[in-house]
Amino acid sequence: MDSILYFLIGFFIMSGIYSVFSVGLNIHWGHTGLFNIGIASFFLLGSYTAAIISSPPPSLEKYEEYIWGGNLSQLSVLGIDIWFPIILLLSAIICILVAIPLAIITIRLKEDYLALVTLGLAETLRIIFVNETWLANGTRGLYSIPRPFDFIDRGNYDYIYFVVVMITLLFVYFIAEKATNSPWGRVLRGIRDNENTMISSGKNVLRFKVEAFAFGAGIMGIGGALFTHGKRFIDPITFEPMLATFIIWSMLMVGGSGNNRGAVFGAFLMWGIWTFTQFLPGFLSDANLRFVFVGMIIILFQLYKPNGVIPAK
Amino acid sequence: MKYFDIIFENKTILLLFWIILILSLMKPWLFVNGILIGSLYALGSIGLSLIYGNLKFANMAHGDFMTLSSYVALALLLFFFPNSEQSPSVGPFTFKYELLIIIPIAVVLIGFLAVLFDKLIYKKLRDLGAAPAAIALTSLGLAVGLRGLIQFIWGTDSTSFPRESKLFWDLPFKVKIPPDMFFCAIVAFIIAIAFYFVLFKTKLGKAIRATSDNPDLARITGINTEKIILYIWFIGGILAATSGILISVQQAIITPVMGWKILIPLFAAVIVGGIGNPIGALMGGLLIGITGELATGWINPSYKPAVYFLVLLIVLLLRPNGILGSKGRQF
Amino acid sequence: MMSKNKTSLEAKNISAGYGEQIIIRNIDLDLHESSITTIIGPNGCGKSTFLKSISGIINPVEGEVSIYGSNVTELNTFELSKKGLGYVPQSENIFPSLSVEDNLKMGGYILSNDDYKKNLEYVLEMFPVLKDKLSDSSSNLSGGQRQMLALSRALMLDPKIIMLDEPTAGLSPIIVDEVLENIISLKKSNLSVLLVEQNAKKALKISDFGAVFSFGKKVIEDEASRILSDKEISKLYLGG
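Sequences listed follow chains B, X and Y, in order.
Start counting the first sequence at 23; every next residue gets the next number (my numbering).
Start counting the second sequence at 686; every next residue gets the next number (my numbering).
Start counting the third sequence at 11; every next residue gets the next number (my numbering).
Worth flagging that the hints you see were computed from the coordinates, not collected in a lab.
Each statement offered as a hint is correct.
Only pairs whose alpha carbons sit at most 25 Å apart, straight line, appear in this in silico DSS-like list of lysine-lysine: (1) Y:K93 with Y:K198; (2) X:K741 with B:K132; (3) Y:K92 with X:K912; (4) X:K804 with B:K327; (5) Y:K245 with Y:K211; (6) X:K809 with B:K327; (7) X:K888 with Y:K141; (8) X:K808 with B:K132; (9) X:K808 with X:K912; (10) Y:K16 with Y:K215; (11) Y:K127 with X:K886; (12) Y:K93 with X:K888.
These numbers were taken from a predicted model, which means no experiment stands behind them.
Could you build all of it, start to finish, from the sequences and the hints given here?
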């Protein structure tokens, strides 16, 4: 019984984390029509930022090749772990800083160019983190990443982290909703549906697109930071496109591109399918079939239900 | 030739041209490698450019067609010639005679598969009036699905065509090339020339170019543009398949991610040469190959994909319509 | 009253537009052999839309088109060339990546080799200036030559009906007259010509019949000579 509960809590934690990514992608694609297939870039940047900040400094037993580090997140003031939200913020900021120049270069060009650039960036970042071992210990990765708020209850930590993830998700959802229901959000949707009309009505379309790209990237960075502290071990292989980009696309497709509720729903549904198919009998549990499944989801939903299961309001 | 004029008119491009020239003279064996590898990239990007220019979307599944063709070729080879490991190899090359028989069969199969996917998927999207990004996204789904299928059937480990190790050719200027590379480059050029012949000298090719210029006008003259699109997929599929198999021979390895991994250099080549410009795609492929190989002479070779990405970024910054200009495609 | 020759094309009750916007409504128009019919009217009144709806570039939301009695409304654009319909759109009416000769080859796409050669000769006789330019890129032609190529391309099919959308647009007056003369000579081979023109007076002068479109409807249809001599119409649509 205990292990089932444990398993379920793990499932909800990951679904919550993926929901954050899904909401971020929704800002990009669902609201603005930005074709970002390098979600892994921001996933990676957010994760590594969080990991680098909170990992202990290198020593002979741990991370000999790595030069950053500082056990900052263990500092608690007044019993409240003030560092965790700051870590989230920093992860978001790093992603935003990278997103802005990228957006400025490509966003004046056609949408598919952004796709190629984000794809290339994801691959390039992975190569950098593999080769530059001083950055984050290369392929050996960073491990034993500390747990925020674990002074509350060391024994049943997963439940605590579940609460942490849910609160963060609610926060992200809240600001995403606020942003997309505002006049700013309406402009984004106008750009998505008919860019030329927006241009002729005098809006600085470029600025809005850069802002949307940065905003979504920041959200993805937060997701990355959540992931780091959840899994407590990251290496460059973690950010391989299947689980760091494509599955998130399938989540958004299924849930409903264009609305945040759908994004969260899609994340839970797809992660559920991904996790529970491993219990199917025989060859059906083959991980590669899940790839096929994710691919088919994207194709079928684009063909028949481009607005997903939960249509936008 | 007007291509030289274009190079000299833009100072930055001229500077890059000189850099490449000087680096090539310093380490000529890298330049030669670059041409040989670049010719295979060129073949891949000609097909990609054809589809991008005519069907107006970035085909993310192109790489996985290349991967699939290698696996299909291998499967056919082992099916029809199960003792291929023991058979003799061709001359100074590592591969066996049987492979030469199998390649056309595999390539045509993939061509038909590309046509099938158009009928099942892309035509429907066209009829719905889907935006290019939506079609590209769907092709991404196809890419992921194909890769999953390949891994499901053949596993995730790498494999290769039955081969016999052969000596490299020792040439002057420290150039050492595996004869396979040479063979593959020659085949790539032959296929490219055949393609240009079809495109420029045959009625079908002219109809393809007419459709690319103005599909409405093409229909007015009696051209069945939907049928032309099927031909475009067939040809694009054949080009992808051929380059995929040749790359597998040249690199002596077949992996499920090989096609996906070269998507970025292929797209970079297409964009450098101008989307829809078949000659540009050839030049772009060669340029990408040369740049990549030259870079390994001075920086860590595992950064090659980063170099391709950098080239893509630079082209998008300076000349998003390509160095040679694309056909009416606005950036 | 002019007697009308055999009817070649009948358009009945055509309404068409782009997406939600309906531009033309309930238009009836017939074309006859060996005659030129010109449609005139202010900008945006639907003249080009009408041509596009007959040729299938736009699907009419209602109405029927028949060519020599057979209903062609449901046919795809590329099937209409077999029915003898030729069409020269207003702009972008040649293939700029192809040579002059290849443009003509595309014009004769559905022809047999012999028919192609025969029609090529005919077309080059009509426009001898193209003879020397056969291997040139069509994008290098002047405005007038381009129009000639566009018209030749359509004629390669040996069509029974030919529709020309503003063939004189952007051309100098001398070339305009040349083009109009060429159009007159088309009548000789029993062709039905449908002309859409801004150069209303000049076009009507060479036409047998005229139709005036206004705000998507056909408001006048009559013999061209009658339209020209009508003072009211002159004031409203022909610039006095």
